[in-house]
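Student: Produce the complete structure using the sequences and hints provided.
This is what each chain is made of:
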Amino acid sequence: MRTSVKKLVTAVSTSVALMGAGHAAAEIQIGIAGPMTGPVAQYGDMQFSGARMAIEQINANGGVMGEELVAVEYDDVCDPKQAVTVANSLVNDGVQFVIGHLCSSSTQPASDIYEDEGILMVTPASTSPEITERGYELVFRTIGLDSMQGPVAAQYIAAQSPERVAIVHDKQQYGEGIATAVRDTLKDAGVEIAMFEGITAGDKDFSSLVTKLKQADVDYVYYGGYHPELGLILRQARSADLDARFMGPEGVGNKDINTIAGEAAEGLLVTLPPAFDQKAENQALVKAFEDKGEDPSGPFVLTSYTAVQLIAEGIEAADSSDPFDVAAALRDGTYQTPIGTVEYDKAGDMKSFEFVVYEWHSDGSKTPVN
Amino acid sequence: MQDLLYFFQQLINGLTIGSTYALIAIGYTMVYGIIGMINFAHGEIYMIGAYTALIAITGLTALGVAWLPLILIVALVCAMIVSSSMGWAVERVAYRPVRGRHRLIPLISAIGMSIFLQNYVHLAQGSRNIGFPSLIDGGFNFGSGEGFQMSLSYMQITIFITTLICMTALSLFISRSRTGRACRAVSQDLGMANLLGIDTNRIISATFVIGAALAAVAGLLLGMYYGSVDPLFGFIAGLKAFTAAVLGGIGSIPGAMLGGLILGVAESMTSGYLSGEYKDVISFSLLILILLFKPTGLLGKPEVEKI
Chain A
99 MRTSVKKLVT AVSTSVALMG AGHAAAEIQI GIAGPMTGPV AQYGDMQFSG
149 ARMAIEQINA NGGVMGEELV AVEYDDVCDP KQAVTVANSL VNDGVQFVIG
199 HLCSSSTQPA SDIYEDEGIL MVTPASTSPE ITERGYELVF RTIGLDSMQG
249 PVAAQYIAAQ SPERVAIVHD KQQYGEGIAT AVRDTLKDAG VEIAMFEGIT
299 AGDKDFSSLV TKLKQADVDY VYYGGYHPEL GLILRQARSA DLDARFMGPE
349 GVGNKDINTI AGEAAEGLLV TLPPAFDQKA ENQALVKAFE DKGEDPSGPF
399 VLTSYTAVQL IAEGIEAADS SDPFDVAAAL RDGTYQTPIG TVEYDKAGDM
449 KSFEFVVYEW HSDGSKTPVN
Chain Y
695 MQDLLYFFQQ LINGLTIGST YALIAIGYTM VYGIIGMINF AHGEIYMIGA
745 YTALIAITGL TALGVAWLPL ILIVALVCAM IVSSSMGWAV ERVAYRPVRG
795 RHRLIPLISA IGMSIFLQNY VHLAQGSRNI GFPSLIDGGF NFGSGEGFQM
845 SLSYMQITIF ITTLICMTAL SLFISRSRTG RACRAVSQDL GMANLLGIDT
895 NRIISATFVI GAALAAVAGL LLGMYYGSVD PLFGFIAGLK AFTAAVLGGI
945 GSIPGAMLGG LILGVAESMT SGYLSGEYKD VISFSLLILI LLFKPTGLLG
995 KPEVEKI
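First to last, the sequence lines map onto chains A and Y. Just so we're aligned: 281 in this note's numbering is position 183 of the first sequence, and the numbers increase by one with no gaps anywhere. Just so we're aligned: 899 in this note's numbering is position 205 of the second sequence, and the numbers increase by one with no gaps anywhere.
Mixed in with the good hints there might be a few duds.
[To be verified] Label-pair distances were calculated between CB atoms; the ranges are:
{"hint": "1", "chain 1": "A", "residue 1": "N190", "chain 2": "Y", "residue 2": "G820", "range": "28 to 38 Å"}
{"hint": "2", "chain 1": "A", "residue 1": "S418", "chain 2": "Y", "residue 2": "I982", "range": "33 to 43 Å"}
{"hint": "3", "chain 1": "A", "residue 1": "K285", "chain 2": "Y", "residue 2": "P827", "range": "33 to 43 Å"}
{"hint": "4", "chain 1": "Y", "residue 1": "I851", "chain 2": "A", "residue 2": "K285", "range": "39 to 49 Å"}
{"hint": "5", "chain 1": "A", "residue 1": "A287", "chain 2": "Y", "residue 2": "G758", "range": "22 to 32 Å"}
{"hint": "6", "chain 1": "A", "residue 1": "A382", "chain 2": "Y", "residue 2": "Q819", "range": "35 to 45 Å"}
{"hint": "7", "chain 1": "A", "residue 1": "K449", "chain 2": "Y", "residue 2": "Y972", "range": "37 to 47 Å"}
{"hint": "8", "chain 1": "Y", "residue 1": "F810", "chain 2": "A", "residue 2": "E441", "range": "44 to 54 Å"}
{"hint": "9", "chain 1": "A", "residue 1": "E441", "chain 2": "Y", "residue 2": "L985", "range": "53 to 63 Å"}
{"hint": "10", "chain 1": "A", "residue 1": "E154", "chain 2": "Y", "residue 2": "G832", "range": "28 to 38 Å"}
{"hint": "11", "chain 1": "A", "residue 1": "K390", "chain 2": "Y", "residue 2": "F810", "range": "31 to 41 Å"}
[Stated by the list, open to error] Computed from the model, here is a short list of chain A residues facing chain Y with C-beta under 10 Å:
{"hint": "12", "residue": "G136"}
{"hint": "13", "residue": "A292"}
{"hint": "14", "residue": "E295"}
{"hint": "15", "residue": "I297"}
{"hint": "16", "residue": "D301"}
{"hint": "17", "residue": "K302"}
{"hint": "18", "residue": "D339"}
[As the list claims (entries may be wrong)] Taking beta-carbon pairs under 8 Å as the criterion, some of the chain A residues facing chain Y (in silico):
{"hint": "19", "residue": "P137"}
{"hint": "20", "residue": "A139"}
{"hint": "21", "residue": "K269"}
{"hint": "22", "residue": "S305"}
{"hint": "23", "residue": "Q313"}
{"hint": "24", "residue": "G329"}
{"hint": "25", "residue": "R333"}
{"hint": "26", "residue": "S337"}
{"hint": "27", "residue": "A338"}
{"hint": "28", "residue": "D354"}
{"hint": "29", "residue": "G360"}
In short, the hints are calculated from the structure, not lab data. Note that CB positions come from ideal geometry on N, CA and C, so glycine has one too.
Tutor: Written out as C-alpha cells, the structure reads:
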C-alpha cells in the first residue's frame, strides 16, 4: 500500500513536471518592464504598445521557431527600488527575455540582476551611457546614448552663437548625465556656461530658479530631466517674463508637457530619435497601430517594437532560445528593423543612432529644425 | 540696485511659498495643540483640496462661466467643503477609535490614512501631472528696462492677501469666539474641559475641520501658482509644512506662521544665492539646529512630555 502511494506520487509529480516542460516548449515568455503608473507612465504606454504590437504580429506570422511569444508585463513606476523587485519577480517567473526598463535609473539596478541570472535585456529607452559601460554580456538597447544626444543638442545651441547658456538638471542619472554631456560639448565649443545647477525631481516651486536665470541673463536654458519639472519651469518662467529659449532631451518631449505648461511650451527645443513613423517603409506598421487606435508617433513605440523583433530574430539566428546564444547572434548579425539597420558593438550599443532637433508647439505637435 | 532688486525678488518668492507653508502648518499645529498628536494625513487633505478646486474650475469653465471671481469663490468653497469633510472623516476613522491608547497607535493609523488617500486619488484621477489653469495672470514690474526686472505677480499678491485674511480670521476665531475659547480650554487640559461640560469630541472634530479648510485654501492657491497637481505632491508639501510647524513651535499658531515664512525665505535664498541643490539641506539643517538649541521651537512653550 505504502509503495503504491509512493509510486502514485512519483507518477503525478513526473507528469506535472512533463506538463510544465511541454508548456514551456510551446511558448517563449517576453517580459515587458516599465512604468504603467507614476509620473512618467506616458512613456510606459509607448513602450507597452510597441512591444505588444510586435508580439502580436510575430505570433500572427507563426511565432518564433514555431513557438508563440507571450507577453508578461511588470510595472516598475520608474522607481529604482521597484525595478529591483520587478527584476526579481521576472527571475522567479522564469522569464528569459526582457524589454525594458524605461528610466535609466531603473534599468541600471535591474540589469545587474538580469546579467547575474542569465536574462537577456533590451531597453528601448534608457540612454544613460553607464548601462552598457560595465562589460555586461546580456544588455542591449534600441536607442542611442546621452553621449550621442547631448552633443547634438549642444552643437545646435552653439550654432546659434548664444552669449550665455544655463544648464539645469534633476540630479537623476538620466538628467544629470545628459546635462553633463551638453555642458562638456558647449565648453569645447567655447560657449559661456553661466550656470550648472540641479533641482529636486518632484518639486513644484521653481520661482527662485527662474529669478536666478533672469539675473544671469541667459539666452538658452538646457534642461536635463523629464517633463513634469520642465513643464512647471516653462510656465513659471513665462509668468516671470524670462526671455530665454529652453531645450531638453527626449524625456521632455511628449504631450503631457502641454497640459502642464500650456502656451509656455511653444518654441521649446527637444532632441528626439528621428520620427520613425514618418519613414515610407514603416507605413504598413503605422497603419496597424492606427487600426488598433494607438499612436505610433511616440519616441519609444517603434524602439520597443524593434526590441521584440530583435529578440525574435536573434533566437532564430542562434537557433536556440538560450539568452547567451541569442546575445552572441545579436552581436554578430545585421538586422533590418523599423528603426533602420541595427548592428551591435561589443558593449550592446547600436553602432549608429541619430538624434534630431525638433521645435515643440503648444498644441503638442513638433517640427524638425535641422 | 540690480543686486537689491534680485534680493527683493527672492524675498518675495520666499514669502509667497512661506505663506502657503504657514497655511498648511496651521493644520498640524492645531491638532497637536489640542490632542498632542501629529496628523500625518494632513498633506493628503491639502492635495485633495487642490484636486477638488481643479475639478470645480474645469466644470465651471465647461459650463461657460467666465466671471473670474465667481469661478474662484465656487472653487474655493467646493475645495473647503470636500477637504473639511475629509478632515472630519480622518478624525472619526483614524483617531477617535484609538484615542487614549498608546501614542504610536494613532500615529500609525494616520500614516495608513495618508497612504490610502494618496492611492485613492491615484486610482480616481490617474497618476499623471494635471495642468492647472492660470486664472490670475500679469503683475507689476520694477526696475529699468535694461537689466534685471523685479516682478510681483497678481497671483503672489493674491496669495499674501488670502493668507493674511485666513490668519487674522483664525486668530480672531480662537481668541474671541465661544468655540475658540473651548479650543483653548481643551488644549490646556482635555480632561478638565470635559468635566466642565465642554463637548470635547466636537471641539476636536472642529480642529480637524478648520485645519483641513485652511489646507484647501492653500491647495487652490498653490495649484494656481505652480500650475500642476499630482497625487504625490501633498506628501512633500506636508513634510515642509510639518517642518515649519516644528520650527515655529508646534502647538503655537503664530509659531506656525513664523515657521512657514522663515522656511520659505530660507529656501528661496539658498537657491538664489547658493544653489537649488542645497535648498532642502539648508531647510532641514535649520530644523535640526532649532531642535538642538530650542527644542520647543521659536515660539513654543516649554511643555512636559507630550509626544
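Student: So, for every hint listed, does it hold in this structure?
Tutor: For each hint, the structure was consulted:
no. : hint                          : verdict
1   : N190(A) x G820(Y): 28 to 38 Å : 30 Å, holds
2   : S418(A) x I982(Y): 33 to 43 Å : 59 Å, violated
3   : K285(A) x P827(Y): 33 to 43 Å : 40 Å, holds
4   : I851(Y) x K285(A): 39 to 49 Å : 42 Å, holds
5   : A287(A) x G758(Y): 22 to 32 Å : 53 Å, violated
6   : A382(A) x Q819(Y): 35 to 45 Å : 38 Å, holds
7   : K449(A) x Y972(Y): 37 to 47 Å : 42 Å, holds
8   : F810(Y) x E441(A): 44 to 54 Å : 51 Å, holds
9   : E441(A) x L985(Y): 53 to 63 Å : 60 Å, holds
10  : E154(A) x G832(Y): 28 to 38 Å : 52 Å, violated
11  : K390(A) x F810(Y): 31 to 41 Å : 36 Å, holds
12  : G136                          : 5 Å, holds
13  : A292                          : 13 Å, violated
14  : E295                          : 5 Å, holds
15  : I297                          : 5 Å, holds
16  : D301                          : 7 Å, holds
17  : K302                          : 4 Å, holds
18  : D339                          : 6 Å, holds
19  : P137                          : 6 Å, holds
20  : A139                          : 6 Å, holds
21  : K269                          : 7 Å, holds
22  : S305                          : 4 Å, holds
23  : Q313                          : 5 Å, holds
24  : G329                          : 7 Å, holds
25  : R333                          : 4 Å, holds
26  : S337                          : 6 Å, holds
27  : A338                          : 6 Å, holds
28  : D354                          : 6 Å, holds
29  : G360                          : 6 Å, holds
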